[in-house]
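Participant: Chains as they are written, first to last, in my numbering: chain A, 1423 to 1702; chain B, 13 to 261.
Treat the hints as calculated values from the structure; they're not laboratory data.
Because the structure is a prediction, the values reported are computed rather than measured.
All C-beta atoms, glycine included, are put in the ideal place defined by N, C-alpha and C.
One thing to keep in mind: the hints can contain errors.
[Unchecked claim] Partner residues are not named here, just some residues of chain B that face chain A (Cβ under 8 Å, in silico):
#: 1; residue: LEU19
#: 2; residue: ARG23
#: 3; residue: GLN27
#: 4; residue: ARG30
#: 5; residue: ASP31
#: 6; residue: THR96
#: 7; residue: THR98
#: 8; residue: PRO100
#: 9; residue: MET102
#: 10; residue: PHE103
#: 11; residue: TYR105
#: 12; residue: TYR107
#: 13; residue: GLU259
#: 14; residue: ARG260
#: 15; residue: GLU261
[Unchecked claim] What the simulated footprint calls covered on chain A by chain B, stretch by stretch (three residues with Cβ under 8 Å from a Cβ of chain B suffice, anywhere in the stretch; the number is not a length):
#: 16; region: 1461-1475
#: 17; region: 1493-1500
#: 18; region: 1509-1522
[What the hints assert, rightly or not] Every beta carbon over 10 Å from chain A, so not counted as near; a handful from chain B, in silico:
#: 19; residue: ASP140
#: 20; residue: PRO188
#: 21; residue: LEU206
#: 22; residue: LEU243
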Amino acid sequence: MEIQGLSKSYGTIRALDDASLLVAPAQVFGLVGPNGSGKSTIIKALCGILKPDSGSVRVLGLEADRNRHAIRERLGYMPQTPSLYDDLSPAENLRFFGGGFRVPDLDTRLRSVLEFVRLWDRRNDPLYTFSGGMRQRASLACALMHDPELLILDEPTAGVDPALRQNFWDHFAELRSRGRTIFLSTNQMDEALRCDRIAILLNGKILVTETPEAIRSRGKAHITLDVNGGQTSMEVGDYEKELPRILAEYGLGPQVNRISIRRQSLEEVILDLIEEAGPG
Amino acid sequence: MIRNVNLIAVRINRQFLRDRRFMALSLVVPVVLMVMIKYVFESLPGLARLNVHIADYAILFAAYLVHFLAYILSTIVLVRDRVTGTLPRMFVYGYRRREIVLGYVAGYSTIATVQTALVLLLTKYLFDVNLSGDLAAIVLTVMALAVVSVGLGVFISNFARNEGQVFPFVPMVVVPSALLSGIAIPIEDLPTFLQWCSYLVPLRYAVDVLTGVVVQGESFFDQLPSFFILLGIGVALLATASLTLRERE
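Looking at chain B on its own, in the form it has when it is part of the complex:
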């Protein structure tokens, strides 16, 4: 099993290095978006009056970007594999569902690691955030979020027949993540029923950990419950994806 998972992960990364458009989408887009966020927020005069430190939010946006991109890319690539017939071919050539799901997670985790490193560097230099003490906690949290993203991507790919059909599923994850995770609006300011809904948004737990560690200066140990919930959601999504990945038409 490990051998086949590794074969898939290596293949995905090899393709990633060859596909310039894909590489551009994965690496250039986060850079452009982070720069955009910086200049847009700096130009808002109301933020300074409200005593909002945009640097506090930078790391949360960074996590949001990694989550969003890993989700979109893994969904599209898996649907493309199904459309071009390479996914059915993998099944016939001896790859099992769980190997395929874990192979994609391993492959995208490598890509997500590169994305995370890039985004963290940008956060550090663009927003002047000191990450040195919390780096391990941040990387672990963003990696767990990437696992959630890929699990969600594999699961959603079951419902799309072609790449175009992926797009209606994008707002389903992206909008609740933006509104209910605590990035844009504090969860305690939301109506009660939306506060309940926020428990279903994986990004919420990543935001909890990152806000605690980076903004409030708490230890990672204090954030372990949220971290383990995030990890648990990731594992549950991977298990669901392994069971639901369509092997037969």
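If we strip away everything but chain A, and leave its shape as in the complex, we get:
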């Protein structure tokens, strides 16, 4: 997938501002950013349900505007809100939405995806009897129905309990190993760490696109040394470069009682990047 110079405004609000992204196949790509940063706008543009003001979108190698029907057959979309019919059951919803794509052997596929999201036992209950997390699971099942090459998921684990979240991520890893591409948005930093690459989005602008580890290495490290009963603390920017220098300076002799190193978490680094970028 490739997004080049994508911009979109709603009245005076600039939802996307010259955003560009490149997503390689067979990876889990995370779009990370606070609420209102433009994550859903990018996702809608990729699915062809948003007309950008300027810029271009290519999905699965095809120009998205002209080929949106062909692209949709190969992608699975999970919106931020469950967007299913509340008065119908998960089975009825999946049959309806799966029906648009003529899923072969619909019954077997239906059972397989509903078992995966642990809703097979509730398959005939109306969705209005479900909790928010259960609706999210039904929505994900819907996106998986036609076994698409590309999954575009808008905050797929919002409201899902930790054990099932783990299952979702195991399934994403399994899909990736089968060559599927997963493009998802999240504001859970531990999930960002599980992506192959992430893009950080703020006020419609992409601040950085890197692997999670490369982004974390931009953060600071707090090093505390207990030397001869005294304590020295310092904050270093490039931890991997600075650590050997500090060790060389203070030595590793008996006078050093303790060395404590605390690197910034990915979440802290991302929050710093967002803070540096400022509100505008």
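Once you have looked at the hints, place chain B on chain A.
Facilitator: Showing chain B alone in chain A's frame:
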């Protein structure tokens, strides 16, 4: 295409059967309104003096009710589909605009058929109107009117961002339909410019057919020009709705 249209129609009817409030609105409201019309008009002493047979107007009111309810319900439901995200999801899941529009027409036609049957039964028993000879003409006309209503509903739904915004559009259809269709005031009694405006009101053509067949005792064949204009408006509205149904924000 037919398969997807059918999937949408079946889904709409399944939802209709599950949603008790929606069902009540669609089926109980026409009954209550028809009963109300009967008692209100019977209590007007001036009508008898003017030699007005309210039974002659009953079938016209019935058509008006079906038109009005099908228009309101299809607009609201489509806007709700857009607001809850099920409409964009349908687009992403392979449904095309024309399939969605025809699916809604097919789905609502079933509901409108039930409404029509109910209202006709009420007309027959409440107003003692003999419909037996004209039943096919009446049903065909009311069905064509239902197609117009849904086409209009789909088209209007493009202009509303939420269910609340549908309401300003209600009088735009309902008031001209009541005043310019010939139900309340004969068209020839209207000022000339309003007579011209009445040609734009779809209900006018349904009223022409129904008045001819039920009140004046003419054959349906004599009313075919008005019937085909009504049908033509329906087809034109469906084509417009298919072209204008917003797929992208």
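Participant: It remains to establish, for every hint, whether it holds in the given structure.
Facilitator: Now the hints, each set against the structure:
1. LEU19: 5 Å, holds
2. ARG23: Status holds, d = 5 Å.
3. GLN27: Where the cut-off is 8 Å and the nearest Cβ of chain A is about 5 Å from GLN27/B, the hint holds.
4. ARG30: 4 Å, holds
5. ASP31: Cβ of ASP31/B sits 5 Å from chain A, so the hint holds.
6. THR96: 6 Å, holds
7. THR98: 5 Å, holds
8. PRO100: 5 Å, holds
9. MET102: 7 Å, holds
10. PHE103: Since the shortest Cβ distance to chain A is 6 Å, the answer is holds.
11. TYR105: 4 Å, holds
12. TYR107: 5 Å, holds
13. GLU259: With Cβ-Cβ at 7 Å, under 8 Å, it holds.
14. ARG260: This interface hint holds because 4 Å falls under the 8 Å limit.
15. GLU261: 5 Å, holds
16. 1461-1475: This one holds; 6 residues, not fewer than the three required, reach chain B with a Cβ under 8 Å.
17. 1493-1500: holds (count 4)
18. 1509-1522: Result for this restraint: holds, n = 8.
19. ASP140: Check passes; 39 Å lies beyond 10 Å.
20. PRO188: 32 Å, holds
21. LEU206: 38 Å, holds
22. LEU243: Since the minimum Cβ distance to chain A is about 29 Å, LEU243/B lies beyond 10 Å and the statement holds.
In this structure, none of the earlier numbered hints is contradicted; all agree with it.
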